[in-house]
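K.L.:
Sequence:
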Amino acid sequence: MTAYPPHTPPFRDPHLPFAKRIDDLLSRLTLDEKIGFLHQFAPAVERLGIAEFRTGQEALHGVAWMGPATVFPQAVGLGATWNTELVRRVGEAVSKEVRAMRAHDDRVGLNVWAPTVNLLRHPLWGRNEEGYSEDPKLTSAIATAYTHGLRGDHPTYWRTAPVLKHWLAHNNETDRATASSSVRPRVLHEYDLRAFRETVEAGAVAGVMPAYNLVNGRPNHVSPYLREHLRAWTEEELLVCSDAGAPSNLVDHEHYFDTHEEATAASLRAGVDSFTDHGTDSSQMVGRIQRACEQGLLTEADIDTSVRRQLSVRFRLGEFDPHHDPHTGAKDFDTPAHRALAQEAAEQAIVLLGNDGVLPLAPDTRIAVVGLLADECKLDWYSGTLLHRSTPLEGLYERFGAERVEFAEGVDRVRLKTSTGTFLHVPDSEGSEDEVRGADGALDPALLAGRTDLPPLTTDATGTEFALIDWDEGVLTLRAPDGRYLSVAEDGYLRASADQPGGWVVQETFRLEPHGSGHLLRHLGTGRHVTVAADGVKVADENPETFEPIILERGEDAVTRVTSEADVVLVVAGNDPHINGRETEDRASLRLPAHQERLLRAARAANPRTVLALVSAYPYAVDTSGLAAALWTAHGGQAAGTALARVLAGDVSPAGRLPQTWYENDADLPGLLDYDVIGSRQTYLYFEGTPLFPFGHGLSYTSFSYGDLGVRIDDGAAHVSFTITNTGDVTADEVAQLYTRAVDPALPRPRRELVAHRRVTLAPGAQEELSFEVPLRAFEFWDVTQGRWRLEPGPYDLLAGASSEDIRLRTTVLLDGEPAAPRPVLQRGLDGADFDEQNGVEIVDRTRTAGDAVTAAEGRTGQLVYRDCDFGDGVTEVTALVSGEGAVELSLDGGAVLAVLEVAESDSGPYDYTTLGAGIVAEGMHDVHLRLRGPLRLAHVGFSG
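Residue numbers (the numbering used here): 11 to 955.
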């Protein structure tokens, strides 16, 4: 045994394994102290010399919320690079800045809540900007790289501790705290779990954050999947941190439990270890946990399990070994290397969608730059504050010279006339300091208040000319000549005070509503109308002012004025990440906002050599025919403008690739809440239409040829190799993509599925051989008849190319596997959720703790099909385990109804099941068809006889 000096307890001994040290520390903590650790803001334990600890530091594409930091491209832009090594370096830079900032500000936490690995299943999801891709393989590859960078490469001590967001099947902001994602087993295993699983198995993840939504009727914060799947993927102690306010949602919004004590206990037993609720005030959650213990809902052993997981993270972060932690004293912040990396990432994220040869631009090109985002460097909710700023206009000035660049923003310039004939006026605020929202940092930026140090708007005879932008659906911003946006502070007065629209509730957006011969001006943040009072212009519930917008210049007229004499017109269009598509708000449509369509049409009409640069957090359905070229990039961070200019000039050949399908129109999309990617044919994996631009698409300034495809099957893997040659005259990157597809599957399988990719740089004439090892498990699917993965024997195509639709090489291999077996319904029956096909059905929770059932969607008749059911020598009875009231109708092979099992009336709860029975005669192989009527829940169907 090791002897310790009296003053050195074992938990302080760096030579002991972490597990033994945690055991020792746990034994020294009182129950109340341990309970205190379970809130996001864990207090210090001074008697043991333990510091306070905070879970959660936002770091999605740079250190967020804590003031100035290096701002990298949005996550979807990092996904568009398809470059894992680059993303690893970005993660490394972010984690170094976390450490450097913490050295000066202990509010900065080392438990970082990043990355987001939710799959970009639906392009109207408001948080599209936060994910990497619609594809689980690409998502996990990028996420793994980012987490490895965040973690660092020291074998013992982590630079930061990454937490993956948001577990699970979370792609809607609409009703996000109460909506349930209906996820069939195949989609669960083949799609939603995969991105999490492969990232966790890679070994650089400290935990996950459950999402607000429910999955199959059960809140994610009490999901059995945390235990059944997540914790089975690794031997590391994973810390599960609740999303903000989600513990209270279980009672207050979801009404899943009657009391907060029950809800909190259920969350903790399911695997939630840290409760993010009530901000910095831990007393509410601590009280709930204490009462849950007093009521026998929790034991001290339950508490110990969660505290152990948190302590495991804290030990790995070096908190208890400051002299051994190699990351202590990190100073890398806003370094030249980080600035260069931000530019490199922004360059690699740019996707060339189309090009008739106008790009790259010659050095002496005269350029007209127009568009609402031409002189913007937009941030999103999870950005840091900019230390450096580069807009497309600034980048072009720098690269081509200001004398060769003309600019028109394309805003509508207006005055707002009141009913008395006066105009809205912005008083002089000379001498006031410019302020950037969040520059000083905030643990919760949602609490940042608007400015009240500036004078409110008034009215006068001439008024102020405002720049009006319609961001679509009638959502407007109004900007004063000094660049400040009209905003409303807590006192209700209108001021020209905001550097940009922003905040948890945006206070800079308005809507003009027709009223009589004029318009009312509604402030969207408060829902109130603007009124003119003696002490200034403000929002109020009464006496709304009627305004007449006087248009001084339409945006398209300004565009026409500067474009006709240019050699090339660059239209920079896109979104503001705080408006119409963001956290809490899904988009309504794929279309480009009408205001920006007007500008694009005007530019194209004035000059056929028009190039469209879309700068957006998500795809658009935009007509690019007739354009000389089109590009897309996510909001690219601090170096976005420089990066775009360098790509346009040909200093860098574009090689970004689309990380999600771009659909032609809204009619191609399923419902936002339809999570059945197989049944509704979603994403490139299953979509059978013609996309506007396919997954993986992106052009170059050079050309590449593919050849020499070779495949060898051994050692449980397909070993694939092929060559790529740069056949053009420009050094450039190519993103080689390898897909597979089952040639003749028995069940619906992906049209093609990404299994590997690599981004390579090739000089003109250079050739490189790429080799990939694809494990045979990549060819498997989830067999619902057996509840496990299965490799179906037969032919599989291997497809190599430049996108999911631009396939250059293909070959077919025959794989041995496990033949399909019929469903042994006599032995196992049919679990309701293990269907092969469904229509009008939702999966719901069988009990509050585990299991699935099925029910008809509200107002519909549910239909279920179970293929290849083996009734053997015959059955004479069917039983159904159900709750609620309604009917189950059974038929075979789509024929006549053979049995009806019905509960006419029931006053029992949704988890009070009863078994119904009916006679039936069947033998041999059949497809079972079930029809569900009414709100009945079906858990299981059995057969006997």
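Rather than coming from a laboratory, the hints here were simulated on the basis of the structure.
Any given hint could be a false lead.
List of simulated lysine to any residue pairs, SDA-like, C-alpha gap at most 20 Å [claimed, not checked]:
#, residue 1, residue 2
1, 427, 543
2, 341, 329
3, 341, 99
4, 147, 543
5, 30, 329
6, 427, 491
7, 30, 314
Across the chosen pairs, the derived CB separations fall in these ranges [said to hold, decoys possible]:
#, residue 1, residue 2, range
8, 817, 727, 15 to 23 Å
9, 445, 615, 35 to 43 Å
10, 457, 598, 26 to 34 Å
11, 470, 635, 23 to 31 Å
For every residue, glycine included, the Cβ atom is placed at its ideal position computed from N, Cα and C.
K.L.:
Now look at each hint and say whether the structure bears it out.
P.N.:
Verification of the hints:
1. 427 - 543: 15 Å, holds
2. 341 - 329: 18 Å, holds
3. 341 - 99: 16 Å, holds
4. 147 - 543: 58 Å, violated
5. 30 - 329: Holds, because 16 Å separates the two Cα atoms, which is no more than 20 Å.
6. 427 - 491: OK: residue 427 and residue 491 at ~17 Å, within 20 Å.
7. 30 - 314: OK: residue 30 and residue 314 at ~14 Å, within 20 Å.
8. 817 - 727: 15 to 23 Å: At 22 Å between Cβs, range holds.
9. 445 - 615: 35 to 43 Å: This hint holds: roughly 41 Å between Cβ atoms.
10. 457 - 598: 26 to 34 Å: Holds: the Cβ-Cβ distance is about 29 Å, inside 26 to 34 Å.
11. 470 - 635: 23 to 31 Å: 48 Å, violated
Consistency with the previously given hints fails for numbers 4, 11, ordered from lowest to highest.
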